[in-house]
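Protein chains: 2
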Amino acid sequence: MHCPITQAIRDKWNRKTKPEGSLGRLESLARRVGQIQGTDNPQVREKRICVFAADHGVTAEGVSAFPKAVTREMVANFQSGGAAINVLAKEGGIDLAIVDVGIDGDFDSWIKNSPKFYHRKVGEGTRNLAKEPAMTVNECAQAMEAGREQARHANRDGVDIIGIGEMGIGNSSSAAALFAALFSIPVQEIVGRGTGIDEAILAQKQSVVRQAVARHSEVNQVFLPQTWLAEIGGFEIAAMAGLIVEAAHLNMPVVVDGFISTAAAAAAFELTPETRAVCFFSHISTETGHRVVLDRLGADPILDLEMRLGEGTGAALAIPILQAATRLLADMATFESAGVSNIIPSGN
Amino acid sequence: MHCPITQAIRDKWNRKTKPEGSLGRLESLARRVGQIQGTDNPQVREKRICVFAADHGVTAEGVSAFPKAVTREMVANFQSGGAAINVLAKEGGIDLAIVDVGIDGDFDSWIKNSPKFYHRKVGEGTRNLAKEPAMTVNECAQAMEAGREQARHANRDGVDIIGIGEMGIGNSSSAAALFAALFSIPVQEIVGRGTGIDEAILAQKQSVVRQAVARHSEVNQVFLPQTWLAEIGGFEIAAMAGLIVEAAHLNMPVVVDGFISTAAAAAAFELTPETRAVCFFSHISTETGHRVVLDRLGADPILDLEMRLGEGTGAALAIPILQAATRLLADMATFESAGVSNIIPSGN
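The listed protein sequences correspond, in order, to chains V and A. Heads up, the first sequence is in numbering that gives the first Met the number 0, so the first residue is 0 and it goes up one at a time. Heads up, the second sequence is in numbering that gives the first Met the number 0, so the first residue is 0 and it goes up one at a time.
Chain V extracted, bound-state conformation (with noise of 0.2 Å):
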C-alpha cells in the first residue's frame, strides 16, 4: 500500500542533517505516530497516562503476594503524588487521570471529589474467576466502555498521545488466564510471580489458572474474544481494552504499559484487528511469559530495563522517547538549511 504521509516522513528524515537511517527506531516511531496521527508533522506534546484501577475475585485463591486492600491503599497513594507514576508522569510533563472502574471500598471524599479522579466502579471487584465467570457481557462492556470515555475526553483535551497503566491486585492472573486462552499458551510459561511471590504461592497461581482456562473452555466451545475478556479478565483490562478501542477510532496513539496492559492490547486486537495499528509496546517487563506473548503480537518494545511494576510507569519512560523522535523530526535542520555536504556520490 502506498502511503503519501509515509513516504514524505521518509523524505523529511533524509534531508537531515544525519547519515540515513541513523536515528534507527526514532525514525520508525515518529513515522508511526505521524501515520496514526494523520500528519508528516507528527506531536508529542500534550501527554496522559490513564491508570485503571479494579480488584479481582481470584485474590481468594491466595495468589498474590500483597494484600488485596492494596489496591485501594495504592490509589490513595496516587492521589497523594508518592506513587512511582506520579514521579515519572511529573518528570516526563505528562498529565494522570486515575479510574476507579470496580476497587473494593470506597475513598474519602478529597480523593473522589478530585478532578482527575473518575469513579466508575462496575462492581466491588471481579467474582473469582477459578470459580465462576469473573463478570458479566454486560459488567465488561460497561468497563470497557469507561476506558472508551478516558479516550474521548483525551481527544476533546487535545491530548496528543494516550499511555495506559493498571493497578489490581491479583490482576497478573487474570492477564495470564487470557494469554493462555488467546494464544493457548501452557500455563507455566505464561504465569510469573507477579508482585514477588514464592514458589508455594507460584504452584498455587499456576493451578488457579489452568483451573480458570479449563472451565471456560468447557462452557464456550467457540472463541469469543469478549467472552473471554468477562469471564477471567478483570474491569481494569477491560476497560484499557476500550480505551485501545476507542483511540483506534479517534486516530490516537496509544502507549501501552507491561504484562497486564498488554493483555488488554490482546484482547482489543481480538476485538478490532485495526488497534493493532495505533498501540506502541514501552516496555519489556520481566515477568514470566512478556517476551512470548510480546513475540506472538509482533510487538517491539521500546524499552528494556527489567521492570515489573505496572501503574503506567514503562508507559512514562516510553513516552519522552516518542517525543523526542517528533522533535527530532520537527526541528532538526536539513543539509540544504545546515549548509551541510552530503555523502559522497560513490561509484559503485
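Take the hints with a grain of salt, since some may be wrong.
Note: identical chains are not told apart, hence a pair may lie in one copy or across any two.
To be verified - Heads up, simulated DMTMM-like pairs for lysine to aspartate or glutamate below, C-alpha to C-alpha not over 20 Å straight-line:
#1 Lys89 to Asp330
#2 Lys130 to Asp294
#3 Lys89 to Glu45
#4 Lys115 to Asp105
#5 Lys111 to Glu45
#6 Lys130 to Glu217
#7 Lys120 to Glu144
#8 Lys120 to Glu269
#9 Lys89 to Asp156
#10 Lys115 to Glu72
#11 Lys111 to Glu123
#12 Lys89 to Glu19
#13 Lys11 to Asp156
#14 Lys130 to Glu72
#15 Lys120 to Asp303
#16 Lys115 to Glu335
#17 Lys11 to Glu144
Calculated from the structure, these hints are not laboratory results.
For chain V, the structure is supplied; the task is to place chain A on it using the hints.
Just chain A, lined up with the frame of chain V:
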C-alpha cells in the same frame, strides 16, 4: 566490600511503595549514581554533554561516506542548534559544550566567540594512522587535557552528570583500530559501515585498519595504552578519555555515547582502572562490533534504539532515564508514609 551507601540506597528502595526490585535497572542505576557521588541521595539535576570534534588524516584513504568538510560543517550546525544533539539536549534539559580539539579549518567569529564553544585545537586533524602515528604522545596528552578541563568546568559549575559525544569524519576507523588493538578483535568483526559506506569502501576501510594495527604492533612490542591512543586514536577520542579520567578523580558520573565514545572509555579503563566505576553506557549502537566491545568491557547499555549517529545522541536519551531513577529514589512515598500494606508474610 561493604559499602554503607550501597546498603542505604538498597534499604531506601525497599521502603518505597512498590514490589521489591520491581523498578529493575532504575534501582541499580540510581544506586550506581549514588556510589559515584558518594551519597544515598544521588542527584541528576544539572546535566551537560560535552561534544568533542576533530578531523582525521585517515580520511585521505577514502574510508568515509561523507567528505571531511562535514566535521566543520556539523560543528557549525551544532552552534546554530540544528543537529540531532541540539534537539535532544533541549528536550532533556541538558547543557551542551562543544570543543574543537583539532578540526581542519577555522570558524566564523560568531562561533568562536560563543560562550559554550571551546577552541582547543591540537592540530588541523590527526596524521594518517594508516601510514604514520596519528599524533605524538605530547599531542595526545594535550588532547586529553582538553577533556580533563571540561570535567573540571563541569565540576565547578555544579554539573551532576556529564555525557560525552563526538563529531569527526573518519573516526570510526580510528575507534575500530583501537578496539582491534586493545582487545585483539579480528578486523572484520570490528570495522563497520560508520555513517553508511558501501561494500567497496568497507573493504578499503578494513584494509586500512589492518594496516594501522600491524604497523603499530611492529613498532611497539610492549602494549602501552597511551602509546596506542596516540598512534591510532583521534584528538576527540583522546579528549573523551581525558574527560573520563578526570571525572573519575572528581567522582562525577559519565554517560558514554556510542561506538566512538566507547573507544575512549576503553582507553580510559586501560589508563586508569578506577574510571570503570564512573561510566554508564547509554546505548548499543548498530555499528558492527559495538556489541562485541560492550561485552568485553562488561558494559550493560541502558538503551537499544538501533541508533548510530554519535554526537552524544545516545547519551542525551539515557540521561533522562538516570534522572528519572534518582527522582524516584528521592520522591516516592514509603509504605509507612503512604499507609500502604506491605507483602503478606509467607509460611515458607
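* To do: Give the relationship of lysine 115 and glutamate 335 under a CA distance limit of 20 Å: within one copy only, between copies only, both, or neither.
  => Close neither inside one copy (46 Å) nor across copies (25 Å); limit 20 Å.
* **Homomeric proximity label, lysine 89 with aspartate 156: Cα distance no greater than 20 Å** => Cα proximity of lysine 89 and aspartate 156: one copy only (18 Å, versus 26 Å across).
* Given a CA cutoff of 20 Å, do lysine 111 and glutamate 123 count as a within-copy pair, a between-copy pair, both, or neither? -> within (16 Å within a copy, 67 Å between copies)
* Tell me, please, which holds for lysine 115 and glutamate 72 at an alpha-carbon limit of 20 Å: within, between, both or neither? => within (17 Å within a copy, 49 Å between copies)
* **Homo-oligomer pair classification [aspartate 105, lysine 115; C-alpha up to 20 Å]** => within (17 Å within a copy, 56 Å between copies)
* To do: Evaluate lysine 111 and glutamate 45 at a C-alpha cut-off of 20 Å and name the case that applies: within, between, both or neither.
  => The answer is neither: 25 Å in one copy and 38 Å across copies each exceed 20 Å.
* Identical-chain pair category, lysine 89 with glutamate 19, by Cα at 20 Å -> The answer is neither: 34 Å in one copy and 22 Å across copies each exceed 20 Å.
* To do: Tell me, please, which holds for lysine 120 and aspartate 303 at an alpha-carbon limit of 20 Å: within, between, both or neither?
  => Neither, since 33 Å and 40 Å both go past 20 Å.
* Alpha-carbon proximity between lysine 11 and glutamate 144, which holds within one copy, between copies, both or neither at 20 Å -> neither (39 Å within a copy, 40 Å between copies)
* **Intra- versus inter-copy proximity for aspartate 294 and lysine 130 (alpha-carbon distance at most 20 Å)** => For lysine 130 and aspartate 294, neither the intra-copy (30 Å) nor the inter-copy (49 Å) Cα distance is at most 20 Å.
* Have a look at lysine 130 and glutamate 72 and pick one of within, between, both or neither, based on CA distance no larger than 20 Å. => neither (27 Å within a copy, 69 Å between copies)
* Have a look at lysine 120 and glutamate 144 and pick one of within, between, both or neither, based on CA distance no larger than 20 Å. => Only inside one copy: lysine 120 and glutamate 144 sit 11 Å apart there, 64 Å across copies, limit 20 Å.
When held up to the earlier numbered hints, the structure conflicts with 2, 5, 8, 12, 13, 14, 15, 16 and 17 and fits the remainder.
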